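J.: These protein sequence lines map, in sequence, to chains A and B.
Just so you know, we're using this note's numbering here: the first sequence kicks off at 103 and counts up by one.
Just so you know, we're using this note's numbering here: the second sequence kicks off at 11 and counts up by one.
In case anyone wonders, no lab produced these hints; they're calculated from the structure.
Predicted model, so just to flag it, every value in this text is computed and none were measured.
Each residue gets a CB set at the ideal place from its N, CA and C atoms; glycine is no exception.
Fair warning: there could be bad hints in the mix.
[Stated by the list, open to error] Taking lysine to any residue pairs in the SDA-like style, the calculated list, with each CA pair at most 20 Å apart, reads: (1) B:159 - A:325; (2) B:159 - A:155; (3) B:159 - A:340; (4) B:218 - A:337; (5) A:340 - A:358; (6) B:435 - A:409; (7) B:374 - B:406; (8) B:159 - A:272; (9) B:435 - A:340; (10) B:159 - A:187; (11) B:380 - B:435; (12) B:435 - A:211; (13) B:374 - B:391; (14) B:218 - A:150; (15) B:435 - A:125; (16) A:340 - A:146.
[Said to hold, decoys possible] One-sided excerpt, in silico: chain B residues whose CB lies under 10 Å from chain A: (17) 74; (18) 273; (19) 432.
[To be verified] If the Cβ cut is set under 8 Å, some of the chain A residues that face chain B in the computed set are: (20) 140; (21) 157; (22) 161; (23) 162; (24) 186; (25) 228; (26) 266; (27) 269; (28) 271.
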Amino acid sequence: MKRYVLVRALYSVVTLWLLVTIIFGLVRLTGDPVAMKAEAGADPAYVAQLRHRWGLDQPLYRQYVGFVGQLLRADFGHSFEKSLPVRDIYFERLPNSLKLGFAAFLISLALGVPFGMLSALKVNSMWDNAGKVVALLGLSMPGFFVGLVLIIVFGIELGWLPVLGKGSSALVGSAPSTWVTFWFRDWGHLAMPAFALGWYFSGAMLRITRSGMLDVLGSDYIKLVRLKGVPEPMVVAKHALKNSLIPVLTFAGLNLLVMVNVSVVIEVIFNWPGVGQLLYDALSNRDFPMVQGVVLMSGLLIVLLNFTIDVLYGYVDPRIRLSR
Amino acid sequence: MTRGLLPLLVALTLVATSCGEAAAQQAPILSGALTKLDIKPAQIEGRGTPKGTLTIAMHFALDPGWLDPLEHSYAITQMMYDYLVHDTMIKPMPYGYVTYGLAEHAELSADFRRAAFRLRPGLKFHDGQPLTTADVKWTYENFTGAYAKVFHDKLEHVQVIDDRTIVFHFKEPFIDFMDLYNGGVSGIGWIVPARYYDKAGRDGFKAKPIGAGPYKLVGQQAGVQMVFEAFEDYWRRTPATKTIVVKGIRDGAARMAGLQTGELDVAFGMTGKLLPRLMSDRNLRWDPNFTGPWWLMFPGYNEQGSPFRDKRVRQAVSLAINRSFLVKQETQDISKPWGNWISGENRDALQGPEAPVPEYNVEKAKQLMKQAGFPDGFEVEYLPFPPYFDMGERILTDLRAIGIRGKLQSLEGPAFRAKIGQGRKGVPGNRTIVQNIDPRAGGSKANIAVYAVCGSTASFVCEPSIEALWAKHQASLDPVERERLVKSIQRILLDDYYFVPIYLNSFVHGIGPRVLPEGKAVTKYWDTLNAPYPWPWEVWEVKADR
């Protein structure tokens, strides 16, 4: 098992190194950030000074070595556009994205799983058809469209919910009292963006729950349970549901990561100060350190999650670790 | 008896104070002949109690770097934050383009080799520390932002006479010093506290800046929001609004929704498709500002193979554009057709009868195209200023009428600016039309220096006739002659159609119902010349918080 974990860890490190190298190269293909920052007519001395300050006057290999060296010290450098350390800005934004992502995740589960179960249990009925329509709408109506409709109805016309930002609650690492208030305050601000983001994923969740449930309900062991005379609610709740949720949870885990890291459009529409909007701004302004930092942190989360899953698989299923 | 004496004493004190100020203004700092300066006195207004919260939406992400004048960029946006947190020696205000700020008196020697300032008494930074000439000297010497090289190369030494009096000695005549030192042009005159800056460092200062301006920063989330509180000891007046919140909201629809729900009080960048919605909402008001005209440029016009090498083609482009229709379609008739590529807010810009609105005459344009050898027209690339792509399409429709068929290139704002910043080099080929706008402070000469002289990095015009006049301008120490030369250069640029002006754009901001005064008088906030944002902020009033 130890060797298996070591091998998986090594794979993770190589993956991260590849990501570091690729993002370092790709971001530099987008153009010269100095030309973007220096306005028309900027004198060459000012331009040269900016280039020097940002380390862009160094040869590429030196920039790369410097970048990797910084990463080893957990330093992502300074944002070109926001003039502060990338790490500070990223960790200021991450809790907001986590809050939005978790809320959207819960909404997608709350909508997708019960409707999916209902569709499977009442297959080809009116309920099933309604479920199919919900799934179709979820997948075909993009989040930004749902978001704009919500803004017009609940924000502007009814005036029930605020349309901008995340409210005043902030997570301050050094103040434990904020840890609770951050998660449980300003729900009015969270409601619409979380619904708009969760709505899109709920359609897919519904379909996966439905098909998983149908597979399980048609399996031999469920037939046996029914033959033994177990009441139907018990069949569903105790025997079918748990097994049908395995693919749903795997899918949901990946969805959660996507919701936290790339909910760019929803964050822009609702001016939600998350990581997605940070990445969007950074890309628009050729803010190399910020793009590198955000992509690497997202990559790190995904690599860590995959590593954890691999290790857990190896732990629960010895065939996997022995086959490697 | 006491009741009768009190008003008399107060009156005498006021007279004595004002006399003292006048005397201080007249007491010379420099010996010898002086240049006549046109600097308006500061209007010192009343004390009071700030109230309410003003929430402002910018149309892009916020940069904490804007809070540090030492690294002042060329971007005029930064001045919005200068006017909030910091204060400068001289600056544009609604009552004059050059007015006294921290300085109550300035002198410039007749040979332009010495400049002197006297600070007003009792100035303080937000932390209560006094603002002295040591801070002015330190700011100058440590300034690394736009125009830093000019300031440092010209400087011989700084002489601090006392806590309030300072003299800059230059190695050679520095005729543009007062223009460039103006807070509306560069960042070097916005004074930072030397000791605090040294202690906090560059990052620390950006995170928690201290200045001498009307507002102090009390909180920020990088890129998202900045919160400012009134600095009640501000020398000119007590700021009227207690709290100003600035948010960065890129999405126009989100800004519009914020105004409609009352979450925002002021939103910038409400032009194009947002404008009719803004104008039709009874609860909202709008305020246009005319700091910059649109104009067209022809990169590589003077190269072999460019159809724009022929003046008649450039003139045909100008004749084909229906400016009145564009103004109506694009800006609901708010903007003004305009005959110059420089705003009329610049004193030395040709305007009115000197630069009439160009004629719209498609038939004449067609004839010119025929005479120039292009009866069937030709194809071009068209580079519109983002996000004004609709306007670009409309101009292309006009040009199609004379056979010029264009392909629109849509770029993001920063990418477009990066191209334009490189001038001719940034736009490959010589069959491209660039649509630009640049509300630049510093007078017409600043615009010419950037776009119309050969040596500039952003140059789009390089003509011997202009170079000769520009060389004379740079060598001249006579302000009257310099203005005449600047006007002559504009004349050439317009008469030869190197630049084709379109209309004076109305930058519109939306205003919510909480901003005072109610009704149309709210437009008073945008009276500062050459200001793309409605500063100064200490005069903004809102209803008290509920």
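J.: Does each hint hold? Answer for all of them.
T.: Hints, one by one, checked against the model:
With a CA separation close to 85 Å, the supplied pair residue 159 of chain B and residue 325 of chain A exceeds the 20 Å bound. Between residue 159 of chain B and residue 155 of chain A the CA atoms are separated by roughly 16 Å; this keeps the pair inside 20 Å, and the hint holds. For the proposed pair residue 159 of chain B and residue 340 of chain A, the alpha carbon gap of about 77 Å is over 20 Å, so the pair is violated. For the hint pairing residue 218 of chain B with residue 337 of chain A, the CA-to-CA distance comes to about 62 Å; that exceeds 20 Å, so the pair is violated.
Between residue 340 of chain A and residue 358 of chain A, the direct Cα distance comes to roughly 26 Å. Violation of the 20 Å bound is thereby established for this hinted pair. Distance check on the hinted pair: residue 435 of chain B and residue 409 of chain A sit about 49 Å apart at the alpha-carbon level, beyond 20 Å; violated. Under the criterion of a C-alpha separation no larger than 20 Å, the hint pairing residue 374 of chain B with residue 406 of chain B is consistent with the structure, at around 18 Å. For the given pair, residue 159 of chain B sits about 42 Å from residue 272 of chain A by alpha-carbon distance, which is inconsistent with the 20 Å threshold.
The straight-line distance between the Cα atoms of residue 435 of chain B and residue 340 of chain A is roughly 71 Å, outside the 20 Å bound, and the hint therefore fails. Taken as a hint, the residue 159 of chain B and residue 187 of chain A pair is broken in the structure, with Cα atoms around 27 Å apart against an allowance of 20 Å. Restraint check: the Cα-Cα separation between residue 380 of chain B and residue 435 of chain B comes to about 30 Å, which exceeds 20 Å; the hinted pair is violated. A threshold of 20 Å between alpha carbons decides the hint, and for residue 435 of chain B with residue 211 of chain A the separation of about 54 Å lies outside it, so the pair is violated.
Taken as a hint, the residue 374 of chain B and residue 391 of chain B pair is broken in the structure, with Cα atoms around 23 Å apart against an allowance of 20 Å. Note on residue 218 of chain B and residue 150 of chain A: the hinted pairing is violated, with a Cα-Cα distance of about 27 Å set against a maximum of 20 Å. Of the supplied pair hints, the one linking residue 435 of chain B and residue 125 of chain A is violated, its CA atoms being roughly 28 Å apart against a limit of 20 Å. Only pairs whose Cα atoms come within 20 Å are accepted, and residue 340 of chain A paired with residue 146 of chain A is rejected, the gap being roughly 73 Å.
Interface restraint check for residue 74 of chain B: the shortest CB-CB distance to chain A comes to about 5 Å, inside 10 Å, so the restraint holds. Interface hint status for residue 273 of chain B: upheld, as the beta-carbon distance to the closest one in chain A is roughly 5 Å, under 10 Å. For residue 432 of chain B, the interface hint holds, since its Cβ comes within 10 Å of a Cβ in chain A; the closest pair sits about 6 Å apart. A distance limit of 8 Å between C-beta atoms decides the matter here; for residue 140 of chain A the minimum to chain B is near 6 Å, and the interface restraint holds.
Annotation: residue 157 of chain A was flagged as interfacial toward chain B, and the flag is violated, the nearest CB pair being 15 Å apart, outside 8 Å. At a threshold of 8 Å, the smallest CB-CB gap from residue 161 of chain A to chain B is about 22 Å, leaving the interface hint violated. Taken as an interface hint, residue 162 of chain A does not check out: its beta carbon lies about 20 Å from the nearest beta carbon of chain B, beyond 8 Å. Contact between residue 186 of chain A and chain B, as hinted, is supported at the beta carbon level, the nearest pair being about 5 Å apart and thus within 8 Å.
Here the hint on residue 228 of chain A is broken, as its CB sits about 37 Å from the closest CB of chain B, past 8 Å. Hint status for residue 266 of chain A: holds, given a least beta-carbon distance of 5 Å to chain B, under 8 Å. For residue 269 of chain A, the interface hint is violated, since its Cβ never comes within 8 Å of a Cβ in chain B; the closest pair sits about 11 Å apart. Proximity of residue 271 of chain A to chain B is violated relative to the hint, the smallest CB-CB distance being about 12 Å (cut-off 8 Å).
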